[in-house]
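Asks: Sequence:
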Amino acid sequence: MLQPFTHIQKFGQDNLDATVKALGAFSSNSQAIAAETADFARKSFEQTSSTVEKLLGVQTLDKAVEIQTAFVKGAYDSLVSQTAKMSALYSALAAETMKPYEGLLSKASAA
Numbered sequence: 032m033l034q035p036f037t038h039i040q041k042f043g044q045d046n047l048d049a050t051v052k053a054l055g056a057f058s059s060n061s062q063a064i065a066a067e068t069a070d071f072a073r074k075s076f077e078q079t080s081s082t083v084e085k086l087l088g089v090q091t092l093d094k095a096v097e098i099q100t101a102f103v104k105g106a107y108d109s110l111v112s113q114t115a116k117m118s119a120l121y122s123a124l125a126a127e128t129m130k131p132y133e134g135l136l137s138k139a140s141a142a
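For the sequence shown, our numbering begins at 32 and goes up steadily by one.
The set of hints was computed from the structure by calculation and includes no laboratory data.
Do not take every clue at face value.
What the hints assert, rightly or not - Below, in silico cross-link-like pairs of lysine-lysine (DSSO-like), each with a Cα-Cα straight-line distance of 27 angstroms or less: (1) Lys74 - Lys85; (2) Lys41 - Lys130; (3) Lys116 - Lys130; (4) Lys41 - Lys52; (5) Lys104 - Lys74; (6) Lys116 - Lys104; (7) Lys104 - Lys94; (8) Lys130 - Lys52; (9) Lys130 - Lys74; (10) Lys74 - Lys94; (11) Lys116 - Lys52; (12) Lys104 - Lys85.
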């Protein structure tokens, strides 16, 4: 008579443990994503400020075009690199958040 109750209680405890682990993984990965985003924003702002300073001191149109071209190329390369980093971070977020739930369904159906 108490055996089904024990299985339900064990399953509930397993779910709670998995949820706590998932929330921990979500929290740590979210912090990494936030830190990476803030770092990218800071670097982007510094690059833009530096380019504006260079453009304010330019004497010829050719030099202005050269500075602007270098800025656009650098910004594009930085964006592509950042996109790859963020993709990896979000993939890790999804994988590590769902990892604690692996096998819970098979445990429930086996019981």
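Asks: State for each hint whether it applies.
Replies: Here is how each hint holds up against the structure:
1. Lys74 - Lys85: Holds, because 17 angstroms separates the two Cα atoms, which is no more than 27 angstroms.
2. Lys41 - Lys130: 19 angstroms, holds
3. Lys116 - Lys130: Holds, at roughly 21 angstroms.
4. Lys41 - Lys52: 17 angstroms, holds
5. Lys104 - Lys74: With Cα atoms ~15 angstroms apart, lysine 104 and lysine 74 stay inside 27 angstroms; holds.
6. Lys116 - Lys104: This hinted pair holds, its Cα atoms lying about 19 angstroms apart.
7. Lys104 - Lys94: 15 angstroms, holds
8. Lys130 - Lys52: 9 angstroms, holds
9. Lys130 - Lys74: 33 angstroms, violated
10. Lys74 - Lys94: Measuring from Cα to Cα gives roughly 23 angstroms; hence the hint holds.
11. Lys116 - Lys52: Distance ~24 angstroms between lysine 116 and lysine 52 Cα, so the pair holds.
12. Lys104 - Lys85: 16 angstroms, holds
In this structure, only the earlier hint numbered 9 is contradicted, and the remaining ones agree with it.
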